[in-house]
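Assemble the complex: chain A is given as a structure, and chains B, C and D must be docked to it using the hints.
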Amino acid sequence: MQGNNEPKSFYESGGPHKGILSWIFTTDHKRIGLLYLASLFIFFIVGAAFGLLMRLELIAPGKTIVTASTYNSFFTLHGVIMIFLFIIPGIPVSLGNFFLPLQIGARDVAFPRINLLSWWLYMTGGILALMSLFTGDGPPDTGWTFYAPYSIRTGTNVSLAVFAAFILGFSSILTGLNFVTTVHRLRAPGMSWFRMPLFVWSLYATAWVQVLATPILGITLLLIIIERFFGVGFFDPSKGGDPLLYQHLFWIYSHPAVYIMIVPAMGVVTEIIPVFARRTIFGYKAIAFSSIGIAAVGFFVWGHHMFTSGISDTSKAIFSLLTFLVAIPSGIKVFNWVASLYKGSIKVDTPLLFVISFVFLFCIGGLTGLINGTLATNIHIHGTHFIVAHFHYVMFGGTAFAFFAGLHYWFPKIFGRMYSEARAKFAWFFLFIGFNILYFPMFILGWQGMPRRYYDYLPMFHELNLISTIGSWILAAGLILMFINLVRSIKKGERAESNPWKGTTLEWTVPSPPPVENFEEIPVVTQGPYKYE
Amino acid sequence: MEQRQTGHAAVNYKTYILIWTALLALTAVTIAVTQFHMGGAGILIALLIASVKAALILYFFMHLRYEGRFFKLAFLLPIIVFIFFIGFTFLDVFYR
Amino acid sequence: MEETLYKSSETYRDYTGSKMGMWLFLFTEMLLFGGLFLLYAVYRFKHPVEFHAAAKGLDTTIGAVNTLILLTSSLTMALSISALQKGNKRLSLVLQFLTILLGAAFLGNKYMEWGAKIHHGVYPGSEHLLIKGKGEILFYGLYFVMTGIHGLHVLIGIGVLLFMLIFTIRGTIDFENFVKLENSGLYWHFVDIVWVFLFPLFYLIT
Amino acid sequence: MISGNSTETVNNVFLFILVIAIVLLISITFTMIYFVVKYNRKNNPAPENIESNLMLEITWIVVPTILVLAMFYYGWSGFRFMRTAPENAMTVKATGRMWSWQFEYENGRKDAELRVPLGKPVKLLITSADVIHGLYIPAFRIKEDAVPGMQTFLWFLPDRAGEYDLFCSEYCGTQHSSMVSKVIVIPQKDFDSWYTAVAVKKGSAHPQGVKLLEEKGCLDCHTTDGAIGVGPSFKGLFGRRVIVIAGGKEREVFADEAYLKKSILHPGADIVNGFTDIMPPQSDNMSEEEISEIINYLKELK
Chain A
0 MQGNNEPKSF
10 YESGGPHKGI
20 LSWIFTTDHK
30 RIGLLYLASL
40 FIFFIVGAAF
50 GLLMRLELIA
60 PGKTIVTAST
70 YNSFFTLHGV
80 IMIFLFIIPG
90 IPVSLGNFFL
100 PLQIGARDVA
110 FPRINLLSWW
120 LYMTGGILAL
130 MSLFTGDGPP
140 DTGWTFYAPY
150 SIRTGTNVSL
160 AVFAAFILGF
170 SSILTGLNFV
180 TTVHRLRAPG
190 MSWFRMPLFV
200 WSLYATAWVQ
210 VLATPILGIT
220 LLLIIIERFF
230 GVGFFDPSKG
240 GDPLLYQHLF
250 WIYSHPAVYI
260 MIVPAMGVVT
270 EIIPVFARRT
280 IFGYKAIAFS
290 SIGIAAVGFF
300 VWGHHMFTSG
310 ISDTSKAIFS
320 LLTFLVAIPS
330 GIKVFNWVAS
340 LYKGSIKVDT
350 PLLFVISFVF
360 LFCIGGLTGL
370 INGTLATNIH
380 IHGTHFIVAH
390 FHYVMFGGTA
400 FAFFAGLHYW
410 FPKIFGRMYS
420 EARAKFAWFF
430 LFIGFNILYF
440 PMFILGWQGM
450 PRRYYDYLPM
460 FHELNLISTI
470 GSWILAAGLI
480 LMFINLVRSI
490 KKGERAESNP
500 WKGTTLEWTV
510 PSPPPVENFE
520 EIPVVTQGPY
530 KYE
Chain B
0 MEQRQTGHAA
10 VNYKTYILIW
20 TALLALTAVT
30 IAVTQFHMGG
40 AGILIALLIA
50 SVKAALILYF
60 FMHLRYEGRF
70 FKLAFLLPII
80 VFIFFIGFTF
90 LDVFYR
Chain C
0 MEETLYKSSE
10 TYRDYTGSKM
20 GMWLFLFTEM
30 LLFGGLFLLY
40 AVYRFKHPVE
50 FHAAAKGLDT
60 TIGAVNTLIL
70 LTSSLTMALS
80 ISALQKGNKR
90 LSLVLQFLTI
100 LLGAAFLGNK
110 YMEWGAKIHH
120 GVYPGSEHLL
130 IKGKGEILFY
140 GLYFVMTGIH
150 GLHVLIGIGV
160 LLFMLIFTIR
170 GTIDFENFVK
180 LENSGLYWHF
190 VDIVWVFLFP
200 LFYLIT
Chain D
0 MISGNSTETV
10 NNVFLFILVI
20 AIVLLISITF
30 TMIYFVVKYN
40 RKNNPAPENI
50 ESNLMLEITW
60 IVVPTILVLA
70 MFYYGWSGFR
80 FMRTAPENAM
90 TVKATGRMWS
100 WQFEYENGRK
110 DAELRVPLGK
120 PVKLLITSAD
130 VIHGLYIPAF
140 RIKEDAVPGM
150 QTFLWFLPDR
160 AGEYDLFCSE
170 YCGTQHSSMV
180 SKVIVIPQKD
190 FDSWYTAVAV
200 KKGSAHPQGV
210 KLLEEKGCLD
220 CHTTDGAIGV
230 GPSFKGLFGR
240 RVIVIAGGKE
250 REVFADEAYL
260 KKSILHPGAD
270 IVNGFTDIMP
280 PQSDNMSEEE
290 ISEIINYLKE
300 LK
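Residue numbers (numbering that gives the first Met the number 0), protein chains in the order written: chain A, 0 to 532; chain B, 0 to 95; chain C, 0 to 205; chain D, 0 to 301.
If we strip away everything but chain A, and leave its shape as in the complex, we get (with noise of 0.2 Å):
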């Protein structure tokens, strides 16, 4: 791209294939972090398409736009698509595929063969599950929880949605397990533990809750199958078995799974602060550990999914104990941020912006969590709005907003251009303010009592419900104006350096886009990753 001095960057050496080939066969954990990028988009544009379906419903009681079956066949669709082809592989597929290697002075990752056959694995569930939408009888009417028995007795297309998360399941296993693999073999000489960036360890500890949770996902959505097509009754009452049963398996799994989806956000927040303050990062143990404690306590804190479900007391004020617990490590990693940016020297850039109202978004969400993990509280609010609020906040204005920060503050060393701040401060605006007006009234309704997954609601809930559908569309069209500008920027964004925003750690010595081998050299590394001197 520059000089004939500098090595050619991966987007022109793609190895034996050419053209589309040398995408899609590609081994390169740069590509294939861009692969990942490309799909998750696609479907992060499709999952949304059914939100904003499912908000125009909304919009008014009563039948709106579609019938109710069409209704629950949205709902659960998005919830299908965001969260397993969308936030739960989210961040490590794509910009930790990207990062990982570069920033412990790697060439790849561990099993580059095997990060390939996670795409392909990948791509096959998200086919299966849009396929679900149009084969058999109909969508699937579950929501994204499956639960049993409803989900064995229901006509609807089930079992190929199930069948779909599996094998997303098993994506997200290779995926983790390469990534503990290259943590452990592939840092570069000198890159002790302590001297890793703290995305490296959000990366690190996500990884492990995908290989020691997924499983357990992959075997309860196989029981459903199993039930669905020989009835062997481990979920059916009629047959001995235990709803409840279902439920905890589901929720072993899919609890730990929301710190698959948050803790690589924290990770990107941890990255970000830095570098737009010009200053180390305050507390760096700490961060490191509270990613390590939040993942390790989020494995014992399922049941609070399940307060209202009829399972013992006993198991509901342990569970709700250790909920609380898990809530310590994330406020040690907020506190840590706020310090970060004290006697910085601070330019609030597009990533840095995004960083700021991710804090503020998710201590929203986390906050609003205490409420939900009180069991006298909890009662009342449990299945209602206020649980989809505040997901949203977690999830949306947590993840998603961490997962633009990150797009805002790699994209030049992806693509190797810049793109326009302006009009990516402008998109910000819109995405800000449309989100808050889109998800805040939920917390009302759900205090007021509105349940979740409902397709028509009292005549009084409709003012927050009008509001909230407003809202939808004032975010899409934050969603618009930031793609718009990013995909225009790949191609007419202004040339960037290999360092645009002085950042100290490894990714910034190499030039954007990084060359195939990323490194000429494997650097030899003598300090931790945020010294600014």
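Derived from the structure by calculation, the hints contain no laboratory data.
Among the hints, erroneous ones may be present.
To be verified - Heads up, simulated DSS-like pairs for lysine-lysine below, C-alpha to C-alpha not over 30 Å straight-line:
(1) A:K501 to D:K41
(2) B:K13 to C:K85
(3) A:K238 to C:K45
(4) A:K238 to D:K260
(5) A:K501 to D:K37
(6) D:K234 to A:K62
(7) B:K71 to A:K284
(8) D:K261 to C:K131
(9) D:K37 to A:K530
(10) D:K92 to A:K238
(11) A:K238 to C:K55
(12) A:K62 to D:K210
(13) D:K37 to A:K342
(14) C:K45 to D:K92
(15) D:K109 to D:K210
(16) D:K261 to C:K133
(17) A:K346 to D:K37
(18) D:K41 to A:K342
(19) D:K41 to A:K346
(20) B:K13 to C:K179
(21) C:K85 to B:K71
(22) C:K179 to B:K71
(23) D:K109 to A:K238
(24) A:K238 to C:K116
(25) D:K92 to C:K133
(26) D:K41 to A:K530
(27) C:K131 to A:K238
(28) A:K238 to D:K122
(29) C:K109 to A:K238
(30) A:K424 to D:K41
It should be emphasised that the depicted structure is a prediction, and the values quoted were computed from it without experimental measurement.
Relative to the frame of chain A, chains B, C and D by itself:
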């Protein structure tokens, strides 16, 4: 290029055959013991013997004995996690 | 230059890394079966008497023979790696072949056992089973699902070992580069361990 | 600390956490914005690298720990109150089925709405006939799932007269959002007269067809006035020719007694053209006599 080979020396045949004999003996012991009806204790003994067998397989056949610290410790992780899964599920089932 | 770079990453070998990946995969397998063992634990806790009664329908001898077969196959598997390491390719091949054979014998035995049960009308959702107590329905449900998924693993193991056999014949696997065989061995032993627990839990209920 | 009813209990815990949460949110946000403004690159070109501060770290581990433990304790004691039904509570059996509620009183009286006397604690014994439902009464801040094959419970003290909404809070299929009922709190005297006047002894009475349709939840999906709901209307159904899909093929059948009975017991066998197979079989829900009572009523519904 660089080769980070950490293969261990070949384990001799005798060790393996010895372990195999032990495994068979333990199987025989389980079958013998469980012929007496002992109620709750029976399942405990059976599981205990099965765990010893599993440990032998892990330690010798699967070479954990010859591996580094990571392998020896990491393998405890899924076991601990699983014990917690069962334990916490039983907090519900037992007290329901 | 590009070509050589590609070659270099292909021949880059990290034995510990490969084994680490395999072990991590086995962790996921442990927890996959863990989910089933959890179901087993809960339902046996709820229906101890019925589980006992239902287990009488299983033949301890068949189970014991299968345990013997699988333990022996683990031995031949472990020996085949040692043989290869010592440079005795022929012996290693023979032992690998024996392992596959024993795996097939296990499956054959399982097939007969399942076949007899199904012939007697005992299979998930069968009328014969549904009139029985809930504990018995669950016992046989667990029996078919757990031994079924285990059997599937044996089948996959046989497939993998067949590849290893071919690789060894071709020399892709030799006494210097045997991590593939070792990883297949890890998988095979793991499947064996699962059976070590399944056997007392289904055939030896007192 | 805790007395009165569940509404107050939950509200108090909620307020306690909400105040702490708002204080935390405002102080974190304010501090963050203050730093961003104060240490802006223009004002502060030379940053200071502060790696960590042990005292500070300890503080913000210990203080939140104490706060969340307080929240846990407060929430847990409120919860204990909500899970300890008074001895003198009136027991009502609540059964959820797709997509209606049925409340059965101690004297055998059944109704689709929950009618309770003012000031007397009510204990609901909840179960489900098919899939998982959730019984939710927002006004009293209580909720518990109705699980098939299991009995769960709730209790509340209806200390204000009036009508309150009752929702299903666990997704249960197509008509989930219309599985709505009411809690009607009336003075003891009114309740007593309602309770005894129409009380039906089990097995001895012959309830009318329309009452059965209401009670069994049929009218949640079918109408008696010709309007199309989730299922076909009952009006003029008897004796008409109906096009049904059976085994993937279209077929015309005559809506006689046998057909109606089959459709009640095995709804999946013949699906009326244009509708979907979502009706649960009613074999556990209705007795033979009840079915014939309903069919007799449908005959008259021209």
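Consistency of the hints with the structure:
no. : hint             : result
1   : A:K501 to D:K41  : 17 Å, holds
2   : B:K13 to C:K85   : 14 Å, holds
3   : A:K238 to C:K45  : 13 Å, holds
4   : A:K238 to D:K260 : 26 Å, holds
5   : A:K501 to D:K37  : 21 Å, holds
6   : D:K234 to A:K62  : 23 Å, holds
7   : B:K71 to A:K284  : 25 Å, holds
8   : D:K261 to C:K131 : 28 Å, holds
9   : D:K37 to A:K530  : 22 Å, holds
10  : D:K92 to A:K238  : 23 Å, holds
11  : A:K238 to C:K55  : 20 Å, holds
12  : A:K62 to D:K210  : 28 Å, holds
13  : D:K37 to A:K342  : 8 Å, holds
14  : C:K45 to D:K92   : 25 Å, holds
15  : D:K109 to D:K210 : 10 Å, holds
16  : D:K261 to C:K133 : 28 Å, holds
17  : A:K346 to D:K37  : 11 Å, holds
18  : D:K41 to A:K342  : 13 Å, holds
19  : D:K41 to A:K346  : 8 Å, holds
20  : B:K13 to C:K179  : 24 Å, holds
21  : C:K85 to B:K71   : 25 Å, holds
22  : C:K179 to B:K71  : 20 Å, holds
23  : D:K109 to A:K238 : 28 Å, holds
24  : A:K238 to C:K116 : 19 Å, holds
25  : D:K92 to C:K133  : 25 Å, holds
26  : D:K41 to A:K530  : 21 Å, holds
27  : C:K131 to A:K238 : 10 Å, holds
28  : A:K238 to D:K122 : 29 Å, holds
29  : C:K109 to A:K238 : 26 Å, holds
30  : A:K424 to D:K41  : 20 Å, holds
When each numbered hint is compared with the structure, no violation occurs for any of them.
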